[in-house]
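Participant: The lines below spell out each chain.
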Amino acid sequence: MGIPSIPVVLSEFYEQETEKALNEGLPGLRTQWIQGPVWAKTRPELKRDVINGRNPISKQPVMQEIVEKFTKPLTNDEKRTGEIIRDRGPATFTDTEANLRKMFEEKRWTDFLPIVLPTAERVNEMLANTSRDPDEIVGKMSPTNTGNYFEYWTYTVRDVAVNAVMAGAKPEYFPLLLAVASTGKESMSVSDNSFVAALLINGSIRNELGINYTVGAMGPYAHANTTIGRAWTLISINLGNCGKVGTTYMGVVGNPMNLINIVLGENEEESPWEPFSVRKGYRKNENVVSLFEGWGVLSAANWRAASWGKEMNYPTIIKSIFDQQGGLFGATAILSPPIANFVKEAGYRTVEDFETFLVAPAASAGQAAKAKSPAPKPMAPNMSIIVAGGTNNNYYSIGGLRYLQSVQIDNWR
Amino acid sequence: MKWHKSAAVIAALCIGLFCGYSTVGNQAIAQNNTAEKITVLNPLGNPPPIKLKNMAPRLNTLEGKTIYLVDDGYIGGDNLLYEIQDWFKENHPKTTTLYKRKGGGGFEAEDPALWAEMKEKADGIIIALGH
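Heads up: the protein sequence lines correspond to chains A and B, in order. The working numbering puts the first residue of the first sequence at 1, with every later residue one more than the last. The working numbering puts the first residue of the second sequence at 1, with every later residue one more than the last.
Because the hints were derived from the structure by calculation, they are not lab data. Misleading hints may appear alongside valid ones.
To be verified - Pairs of lysine-lysine residues, derived as DSS-like cross-links and limited to a Cα-Cα distance of at most 25 angstroms, are as follows:
hint: 1; chain 1: A; residue 1: 79; chain 2: B; residue 2: 65
hint: 2; chain 1: A; residue 1: 20; chain 2: B; residue 2: 53
hint: 3; chain 1: A; residue 1: 244; chain 2: B; residue 2: 65
Said to hold, decoys possible - Stretches of chain B that chain A covers, calculated by requiring three or more beta carbons in the stretch to come under 8 angstroms of a beta carbon on chain A:
hint: 4; region: 37-49
hint: 5; region: 57-69
hint: 6; region: 73-86
hint: 7; region: 105-118
hint: 8; region: 122-128
To be verified - Far from chain B, by Cβ distances over 10 angstroms, these chain A residues were calculated:
hint: 9; residue: 80
hint: 10; residue: 136
hint: 11; residue: 182
hint: 12; residue: 206
hint: 13; residue: 245
hint: 14; residue: 246
hint: 15; residue: 278
hint: 16; residue: 321
hint: 17; residue: 329
hint: 18; residue: 353
All C-beta atoms in this analysis are idealised placements derived from N, C-alpha and C, irrespective of residue type, glycine included.
Full structure from sequences and hints, please.
Facilitator: Here is the structure:
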């Protein structure tokens with residue numbers, strides 16, 4: 001535009017925005033750093049803290065700096081043009097195992113747990129499980145898949161294999177990991193929401209790979225669920241430049257589920273409904289992985305602890321929980337087979353029937369208004385019902401997870 | 001005689017134990033010094049090249065200039081920009097400031113109409129991002 005511009009940004013974002021300015025080709029961008037937060041402060045508070053305050057980094061008065069940033073001539077560095085070529089370094093590293101482990105951790109190429117070092121032999125074993133060329137570009141990833149805020153890094157089949165090895169994944173998991181990587185969806189979003197990501201696997205590949213979909217489906221109780229989830233994390237860190245606190249990770253309180261994410265199979269065998277993937281347009285038994293992102297899920301017993309009884313109206317209880325979910329980041333219920341069967345026997349022959357019931361305006365809306373309680377939030381438009389877990393009790397989890405997309409796995413064999 | 005035999009056995013055991021210990025220790029040291037080197041692959045993806053952009057030339061003065069105060073829509077950004085506007089009125093009365101709420105339906109969304117207006121009328125821009 002050719003007009004001098006000053007972005008006003010909280011100093012907490014100094015590292016992130018400095019890197020962003022560099023990535024955008026403006027390493028000298030004259031950003032004005034201020035004390036945060038701005039949100040929720042009154043105007044007198046903003047006047048005190050920002051207008052009459054100081055830049056927390058330079059310690060100089062904020063408004064004086066803004067004037068200088070408009071009027072101080074550009075330096076030679078700021079006038080620099082051209083292109084900065086960045087390479088990722090050598091293709092291989094040779095050292096003792098101990099030194100390599102230390103280097104990988106110091107460079108933040110790990111999740112801080114011990115890794116399997118990616119020797120050529122191990123990587124080749126992984127590559128043997130796909131017909132794809134090792135140099136084929138699989139996709140591109142950035143620390144957020146919304147918009148173009150962060151730069152996208154590209155990666156090959158071999159790059160995905162390296163990270164799969166590091167995570168301890170078995171070679172037979174590789175096509176599934178390539179399918180996930182092909183979406184370009186990061187498992188750890190930069191968002192200050194501290195999101196978690198999830199993978200749902202449908203099809204015969206669940207049994208082929210040993211993906212757990214019964215007791216403990218969402219937890220780290222099977223090699224496949226655990227290492228596939230961890231591989232997605234390492235792929236995000238190393239191939240998408242994700243998870244660097246201060247620049248590409250800003251989750252305010254963080255989320256422990258980012259370590260291995262939520263990876264589960266759907267319990268198709270004991271579900272009373274069509275598999276999730278079939279409802280998304282895929283054939284039954286087709287191997288499909290579906291991706292989700294959100295705040296995560298909690299046991300419904302946590303949400304509705306007071307509703308325990310001899311006779312449970314699960315559709316109504318589930319609806320009351322859904323009514324509390326905002327529409328911003330979607331909603332997902334992971335129902336154990338007994339709960340799904342209770343819902344079906346209550347008259348919801350298909351998931352779609354149940355969803356229609358869930359999105360209907362809450363019956364208690366009028367009563368809530370009379371009681372001067374906050375009106376129920378609108379139903380989340382992005383809603384997912386998954387059947388997973390064991391049959392040993394009537395438990396289920398609900399929370400904020402929005403469905404993003406599904407991809408076919410066998411294309412990557 | 002019996003005593004001499006016992007002493008010899010004990011001495012031999014001690015020598016044996018000492019030698020054994022020494023051998024194990026030396027082996028450990030030797031392993032550390034000659035630890036096998038292995039080759040591993042680089043785990044990183046490929047960052048794109050950065051094309052440096054021209055910075056806009058600066059202003060000689062703010063007097064008589066028009067500064068657009070652009071709110072990207074994050075909660076509280078408006079109040080911050082109103083306070084900046086008040087500061088300019090008080091400290092740079094010959095500078096015109098105009099508050100504008102960026103359209104486009106999102107923090108990152110483009111607002112071509114506003115961009116065009118600023119290209120024509122703005123001498124400088126302050127954009128407030130909230131948080």
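Participant: If you test the structure against every hint from before, which numbers come out violated?
Facilitator: 3 and 9
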